[in-house]
Amino acid sequence: MRELICSLPERFSMTVVVSSHLLSEIDLMADHVAIIREGELVFQDTLEALHGRSRHHLALRTTNNALARAILHENSLPCQEEDGYLILPILSDELAAQFTRLLAERHLGVIRLEEQQKNLEDIFLELAGKVASL
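FYI, the numbering for the sequence shown is 387 to 520, going by my numbering.
Derived from the structure by calculation, the hints contain no laboratory data.
Be aware that one or more of the hints could be misleading.
What the hints assert, rightly or not - Here are the computed distance ranges between Cβ atoms for each label pair:
1) 515 with 431: 14 to 20 angstroms
2) 402 with 487: 30 to 36 angstroms
3) 484 with 449: 33 to 39 angstroms
4) 447 with 404: 36 to 42 angstroms
All C-beta atoms in this analysis are idealised placements derived from N, C-alpha and C, irrespective of residue type, glycine included.
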């Protein structure tokens, strides 16, 4: 069904409107989205633009997360701990370089560092007013 829906615009020069609660499917099929809250259009643009509006964060795991968290806090770099990872907002590449340098100076090993982005369902819930901020 997904292949059929995705092929229609190209084959027949048409716009396909899909309303679904299966947002993971929409993320795979759509190039543009509209989000409506209580009858009011709150977002309409490309999926790329929607993902670009959402906050990315870094998930960091070190050889000593408690010490890493203290070091980050000492240097006014906010973070939270979640499932064994320190979660940091991505403010800039320079900031990421700064905190990895701080950790290296204290001889802390970085086990894992990855950028994470919210999925379409998380972003939808935020825009639909279920979560405080985007």
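Do the hints match the structure? See the list:
1. The given range of 14 to 20 angstroms is respected by residue 515 and residue 431, whose C-beta atoms sit roughly 18 angstroms from each other.
2. For the pair residue 402 and residue 487, the beta carbons lie near 49 angstroms from each other, so the given range of 30 to 36 angstroms is not met.
3. The given range of 33 to 39 angstroms is broken by residue 484 and residue 449, whose C-beta atoms sit roughly 19 angstroms from each other.
4. As the Cβ distance of residue 447 to residue 404 is approximately 38 angstroms, the hint placing it in 36 to 42 angstroms holds.
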